[in-house]
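Student: Sequence:
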Amino acid sequence: MTNDKSDKTSERVLLAILIGIAVLIAIAGVNLYETRQQRAELNDHLMQLVTAIHSRPANPAAPARPSGPDPDKVYTVNTEGAPFEGPKSAAITIVEFSEFQCPFCARVDPTVKQLQDVYKDNVQIVWKHYPLTSIHKNAMGAAVAAEAAHSQGKFWQFHDKLFASQSSLSPDQMRQYAKELGLNTAKFEADLTSPEIWKHVTDDMSEAHRLGVTGTPVFFVNGHFLSGAQPLAGFAKVINSELQRLKLPIPPAAVD
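Counting along the sequence shown from 1, when you hit position 243 you're at 243 in the numbering used here, and nothing is skipped either side.
Quick caveat, the hints were computed from the structure, so don't treat them as lab data.
Any given hint might turn out to be false.
[Said to hold, decoys possible] List time: in silico EDC-like cross-link candidates among lysine to aspartate or glutamate, alpha-carbon distance up to 20 Å:
1) Lys-120 - Glu-85
2) Lys-237 - Asp-109
3) Lys-179 - Glu-189
4) Lys-237 - Asp-72
5) Lys-73 - Glu-207
6) Lys-154 - Glu-207
7) Lys-237 - Glu-80
8) Lys-237 - Asp-117
9) Lys-199 - Glu-80
10) Lys-73 - Glu-85
11) Lys-120 - Glu-207
12) Lys-88 - Glu-196
13) Lys-120 - Asp-109
14) Lys-88 - Asp-117
15) Lys-179 - Glu-207
16) Lys-154 - Asp-172
17) Lys-120 - Asp-70
18) Lys-113 - Asp-72
19) Lys-247 - Asp-121
20) Lys-154 - Glu-196
21) Lys-137 - Glu-85
22) Lys-113 - Asp-70
23) Lys-247 - Glu-85
24) Lys-137 - Asp-117
25) Lys-154 - Glu-242
26) Lys-73 - Glu-242
27) Lys-154 - Glu-189
28) Lys-154 - Glu-80
29) Lys-187 - Glu-207
Produce the entire structure from the sequences given, and follow the hints as far as they go.
Tutor: Quick look at the structure:
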């Protein structure tokens, strides 16, 4: 009801403005327009505007919003070259699109580790970068630094350090973490500007867009979309369903 009243009020205001313009032009018409044809053309134009206002929908449809991944669809996610934990032969692959400055990503990380404890070799965790650069100024640099650590086989150690220090993600702090983890600092420094390293991150971002991902954290459990910092039970519901489909036993510690 409020929108209808607002639309009608706006319509009356626009009509009043147009009528006022028409009156002013009519008064000054002799000076401004030399021929009847010019005045007729102006009147026609004004009438078209009035008609357009009257014919517009009272409640125009809102612009379409991105729908995001479909929870009922099974997606194919590229995991080649991405950091992972757990056996490649695991029955359940959990792909996480995440970033290091997102508080919800840090919040769900203990739950991801708990999944590994509960499901053991049945799960593989794969990390994909999706830094939200519009709101987190250090997220891209952290992603690149983590990829640089990955090139030296220490992604997950660097990952843990970044989540433990979310308020300290400046470039100098990245370099300090590299030293603390015993990385080759010269190689690490070079990798921070390596086109190949940056491509790993931007390729992940492009894939996230292709899949319809709009925020973090987001998970694909054997291709099934799961959004947000879910509790263990949220993951278990999807994982246990997949284990049943594959005719594999569900661990006693798994929450249903």
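Student: Would you mind marking each hint as holding or not holding in the structure?
Tutor: We went through each hint and held it up to the structure:
no.: 1; hint: Lys-120 - Glu-85; verdict: holds (11 Å)
no.: 2; hint: Lys-237 - Asp-109; verdict: holds (18 Å)
no.: 3; hint: Lys-179 - Glu-189; verdict: holds (11 Å)
no.: 4; hint: Lys-237 - Asp-72; verdict: holds (14 Å)
no.: 5; hint: Lys-73 - Glu-207; verdict: holds (16 Å)
no.: 6; hint: Lys-154 - Glu-207; verdict: violated (24 Å)
no.: 7; hint: Lys-237 - Glu-80; verdict: violated (27 Å)
no.: 8; hint: Lys-237 - Asp-117; verdict: holds (16 Å)
no.: 9; hint: Lys-199 - Glu-80; verdict: holds (13 Å)
no.: 10; hint: Lys-73 - Glu-85; verdict: violated (25 Å)
no.: 11; hint: Lys-120 - Glu-207; verdict: violated (28 Å)
no.: 12; hint: Lys-88 - Glu-196; verdict: violated (24 Å)
no.: 13; hint: Lys-120 - Asp-109; verdict: holds (16 Å)
no.: 14; hint: Lys-88 - Asp-117; verdict: holds (17 Å)
no.: 15; hint: Lys-179 - Glu-207; verdict: violated (32 Å)
no.: 16; hint: Lys-154 - Asp-172; verdict: holds (18 Å)
no.: 17; hint: Lys-120 - Asp-70; verdict: violated (28 Å)
no.: 18; hint: Lys-113 - Asp-72; verdict: violated (26 Å)
no.: 19; hint: Lys-247 - Asp-121; verdict: holds (16 Å)
no.: 20; hint: Lys-154 - Glu-196; verdict: holds (17 Å)
no.: 21; hint: Lys-137 - Glu-85; verdict: violated (28 Å)
no.: 22; hint: Lys-113 - Asp-70; verdict: violated (26 Å)
no.: 23; hint: Lys-247 - Glu-85; verdict: violated (23 Å)
no.: 24; hint: Lys-137 - Asp-117; verdict: violated (33 Å)
no.: 25; hint: Lys-154 - Glu-242; verdict: violated (31 Å)
no.: 26; hint: Lys-73 - Glu-242; verdict: holds (14 Å)
no.: 27; hint: Lys-154 - Glu-189; verdict: holds (15 Å)
no.: 28; hint: Lys-154 - Glu-80; verdict: holds (17 Å)
no.: 29; hint: Lys-187 - Glu-207; verdict: violated (27 Å)
Hint compliance for this structure: hints 6, 7, 10, 11, 12, 15, 17, 18, 21, 22, 23, 24, 25 and 29 are broken, all remaining hints hold.
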